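Enquirer: Each chain, written out:
Protein chains: 2
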Amino acid sequence: MEFIKTYIEQNKERFLDELFALLRIPSISSLAEHKPDMQRAAEYWKQSLLDAGADKAEIYQTPGNPVVFGQKIVNQAWPTVLVYAHMDVMPVDPVNLWNSPPFEPEIRDGKIWGRGADDDKGQGFMHAKAFEMLVRTGKLPCNVKFMIEGEEEIGSPNMGAWCEAHKEMLEADVILVSDTSMIAPDIPSITQGLRGLAYLEVEVTGPNRDLHSGIFGGAVANPANILAKMIASLHDEKNRVTIPGFYDDVMEVSHTERQAMAQAPFNLEQYKKALDLKEVWGEEGFTTTERTGIRPTLDVCGIWSGYTGEGAKTVLPSKAFAKVSMRLVPNQDYKKISRQFIEHFEKMAPPFVKVKVTDLHGGQGYVAPLEMPAWRAADKAYLDTFGKKPIPTRSGGSIPIISTFEQVLGIKSLLMGFGLESDAIHSPNENYPLHNFYKGIETIAAFYIHFAEEMKK
Amino acid sequence: MEFIKTYIEQNKERFLDELFALLRIPSISSLAEHKPDMQRAAEYWKQSLLDAGADKAEIYQTPGNPVVFGQKIVNQAWPTVLVYAHMDVMPVDPVNLWNSPPFEPEIRDGKIWGRGADDDKGQGFMHAKAFEMLVRTGKLPCNVKFMIEGEEEIGSPNMGAWCEAHKEMLEADVILVSDTSMIAPDIPSITQGLRGLAYLEVEVTGPNRDLHSGIFGGAVANPANILAKMIASLHDEKNRVTIPGFYDDVMEVSHTERQAMAQAPFNLEQYKKALDLKEVWGEEGFTTTERTGIRPTLDVCGIWSGYTGEGAKTVLPSKAFAKVSMRLVPNQDYKKISRQFIEHFEKMAPPFVKVKVTDLHGGQGYVAPLEMPAWRAADKAYLDTFGKKPIPTRSGGSIPIISTFEQVLGIKSLLMGFGLESDAIHSPNENYPLHNFYKGIETIAAFYIHFAEEMKK
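Read top to bottom, the protein sequences are chains A and B.
Everything in the first sequence is counted per the numbering used here, starting at 1 for the first residue and increasing by one.
Everything in the second sequence is counted per the numbering used here, starting at 1 for the first residue and increasing by one.
Please note: incorrect hints may appear among the correct ones.
[To be verified] DSS-like mimics (lysine-lysine), calculated; alpha carbons at most 25 angstroms apart, straight line:
#, chain 1, residue 1, chain 2, residue 2
1, A, Lys356, B, Lys313
2, B, Lys56, A, Lys347
3, A, Lys272, B, Lys354
4, A, Lys229, B, Lys278
5, A, Lys347, B, Lys336
6, A, Lys336, B, Lys238
7, B, Lys272, A, Lys229
8, A, Lys229, B, Lys356
9, B, Lys272, A, Lys272
10, A, Lys272, B, Lys229
11, B, Lys278, A, Lys278
12, A, Lys356, B, Lys273
13, A, Lys238, B, Lys273
14, A, Lys313, B, Lys356
15, A, Lys354, B, Lys229
16, A, Lys356, B, Lys335
17, B, Lys35, B, Lys229
18, B, Lys229, A, Lys313
19, B, Lys272, A, Lys273
20, A, Lys229, B, Lys238
21, B, Lys335, A, Lys313
22, B, Lys439, A, Lys229
23, A, Lys354, B, Lys273
24, A, Lys347, B, Lys356
25, B, Lys238, A, Lys278
26, B, Lys229, A, Lys238
27, B, Lys356, A, Lys354
28, B, Lys313, A, Lys229
29, B, Lys273, A, Lys347
30, B, Lys335, A, Lys347
31, A, Lys356, B, Lys354
32, A, Lys229, B, Lys229
33, A, Lys313, B, Lys336
34, A, Lys238, B, Lys278
35, A, Lys278, B, Lys335
36, B, Lys356, A, Lys356
Read the hints as simulated data drawn from the structure, not as lab findings.
These numbers were taken from a predicted model, which means no experiment stands behind them.
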């Protein structure tokens, strides 16, 4: 694969110049005044794909921001890779904390500094350049499609419908995404799993108005006390969630996979120190990494009732509220879990109170099978470029669009992220090491070669 | 006691005119701009006592509002009654809800309308007039002292120290107070017990900052969940408070007294309907009236943690807070209970969290013994004037100054209240029925006669 290194070496300055032009466009999707910048970013991406060697590239309008689609079909019989990236970025406030202007990218200390340097212009653009290299050197071993969206930072509200409307056009064997991070500069990893989410709000009503806690206290159920009791009962003494059926669909992770996950460097003492914790907490029988990676959980994200100001006010509140999020693992259906929660919460309400549960939000989990050809190809590509296989990691978080791709298009994604924790995405002074940028291009190109081979087996 | 009725009949218009002059003074203690009105109210009270027949009457300045003290010593060997009342009133907002201006008292539908009509100018002034009657008719059978304070509605911050400084001057056999209500116009009652109060705030800290509930949820203790669990554990399955030692000093009420209390009319169905409750709640083995009257309780007055705005935010909060009030019964020491709570709460905190407990406020409970001469005298006085004995009631609320009197002066109080629930004290359209005003004067005068006799026994 020497040609890859050579090509990068010969074009590294131009790659950066081209990325910098993209970084200079302030394509902030959450701010209406940047609507024209979204269009500019789309046009820049369209032209970049054409310049790189795409047969065609188009801008698709949606009810929100545009999506750029481009492709190169080398041979209908060959496998197809669909690349997903996003061209929108987060706002830059507080702008005074930036050491250099967010939309005037520059190189310092071996890093690219600017909004979007990592998330996801820097990481996304690696794919354009890996594609270009394979086209120009005549080594592209598969068909390639690109879909670059403009609303990832606001929750991809139109992407599901857009995919639904263009199913045939988007047909592919795998979706390739670089929008996550790796464990450390020399420890490559691939996010294998994402958790799903069910998020509900509960309201417990006691008396029909706030009461004097002296006159009525002890004789009327206090909804704050009752809510506390109900929430407390949602975990048993092993810190397992007690909602009937909650674990029914949990995909048990094999001993082998748990062993592979355990390879990821993790220092419990450092973890506790960073959070100032004497002890960690969680479901009995699982490690900290497993608790967030492969196990579903239930957390109160907010709770409120009664008087919350300064000093003492003696009130027996009429109502108490809580927001509850449940992180789900692959195969758990968030709609089913939400229904189970509602049923359980309503059923366990004592006759002293009324309860109301509102389903606020949800999304499915995701997991990539380690046996899929794309994973094997990735293993080989990282071995080529990093000298070691990527560690499969499970993120406790959720990227709902990834599960949407699976549901709508029926295609698995491979989350080859090259970012680092220190890249400060979403924060002031976002950056992306040059090393990771070039290493990413190299690894992606190697992936294509191995992927085509794996698909032939 | 025919002379009492006759005297009232002959002077009823003048009594009202004099009360109205007091009601016209806007002596709102919580508003600084009414400071001069507090002085005017004090002067009016001083003059009223002198006019009624006091040997002397003085205005005592305090760091806050003045206290009026007056007395008539008929015979050093005779028993002494110390009357307590307050001349300050609550604010009048929202003033547009008043049907007549709050400080322009008027009679409509057989009631006096205006701020302070009941609380406590109307009820307090009955004592001035009962005293006047006994002096002018030459029937005063005991010594009488008056202390009229100006800060009751703001928690009597200076009254304890003032009593401490004038212990000797305040020596008496009983303190007589009309600042509470009776069950119904034809069902006289005396508040026999008041609950004490211990009020604390708890803070539970998990991780040192708010965390992403996906990345960390399930692996780090959530302080909101832990706080819920801790609060839930404060009651057992019989709804008894689980703090060790909590019930140690509770004065068990005798079967006889519980039977007397049960005489008070109480309709559970109406109570539930008024509060829109399917079921009441409380400590096993006690009635609703007993639960607030003779049993200590624990209530969450406020709880808050994490995200409490609209919609879904996935946060694992760093901190969770609650305000907890415990209503205590006579003989329970609020300082001891506060200490027990702090100790218990700190002790039960699991190693995943840190807890901090702050003692915000407290006050002792109070109970008047049914065997004291003043109670026997009251029984006879109400028999004379209402044709029935007053029902002893226990209020779930607290009037801290009453327990302060007992602690500082060593004197029991008799809470002969003539107000009604419908008097709308603290609210717009405060009122006081003329019937209650005159019946109060009559009963107080009768009380003096019987009290002197009882003290001779």
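Enquirer: If a hint holds in the structure, say so; if it does not, say that too.
Expert: Hint-by-hint comparison with the structure:
no.	hint	result
1	A:Lys356 <-> B:Lys313	19 angstroms, holds
2	B:Lys56 <-> A:Lys347	69 angstroms, violated
3	A:Lys272 <-> B:Lys354	14 angstroms, holds
4	A:Lys229 <-> B:Lys278	19 angstroms, holds
5	A:Lys347 <-> B:Lys336	39 angstroms, violated
6	A:Lys336 <-> B:Lys238	35 angstroms, violated
7	B:Lys272 <-> A:Lys229	22 angstroms, holds
8	A:Lys229 <-> B:Lys356	21 angstroms, holds
9	B:Lys272 <-> A:Lys272	50 angstroms, violated
10	A:Lys272 <-> B:Lys229	22 angstroms, holds
11	B:Lys278 <-> A:Lys278	44 angstroms, violated
12	A:Lys356 <-> B:Lys273	20 angstroms, holds
13	A:Lys238 <-> B:Lys273	41 angstroms, violated
14	A:Lys313 <-> B:Lys356	19 angstroms, holds
15	A:Lys354 <-> B:Lys229	21 angstroms, holds
16	A:Lys356 <-> B:Lys335	39 angstroms, violated
17	B:Lys35 <-> B:Lys229	48 angstroms, violated
18	B:Lys229 <-> A:Lys313	23 angstroms, holds
19	B:Lys272 <-> A:Lys273	52 angstroms, violated
20	A:Lys229 <-> B:Lys238	14 angstroms, holds
21	B:Lys335 <-> A:Lys313	18 angstroms, holds
22	B:Lys439 <-> A:Lys229	49 angstroms, violated
23	A:Lys354 <-> B:Lys273	14 angstroms, holds
24	A:Lys347 <-> B:Lys356	34 angstroms, violated
25	B:Lys238 <-> A:Lys278	34 angstroms, violated
26	B:Lys229 <-> A:Lys238	14 angstroms, holds
27	B:Lys356 <-> A:Lys354	32 angstroms, violated
28	B:Lys313 <-> A:Lys229	23 angstroms, holds
29	B:Lys273 <-> A:Lys347	23 angstroms, holds
30	B:Lys335 <-> A:Lys347	40 angstroms, violated
31	A:Lys356 <-> B:Lys354	32 angstroms, violated
32	A:Lys229 <-> B:Lys229	7 angstroms, holds
33	A:Lys313 <-> B:Lys336	21 angstroms, holds
34	A:Lys238 <-> B:Lys278	34 angstroms, violated
35	A:Lys278 <-> B:Lys335	31 angstroms, violated
36	B:Lys356 <-> A:Lys356	32 angstroms, violated
Checked against the numbered hints above, the structure breaks hints 2, 5, 6, 9, 11, 13, 16, 17, 19, 22, 24, 25, 27, 30, 31, 34, 35, 36 and satisfies the rest.
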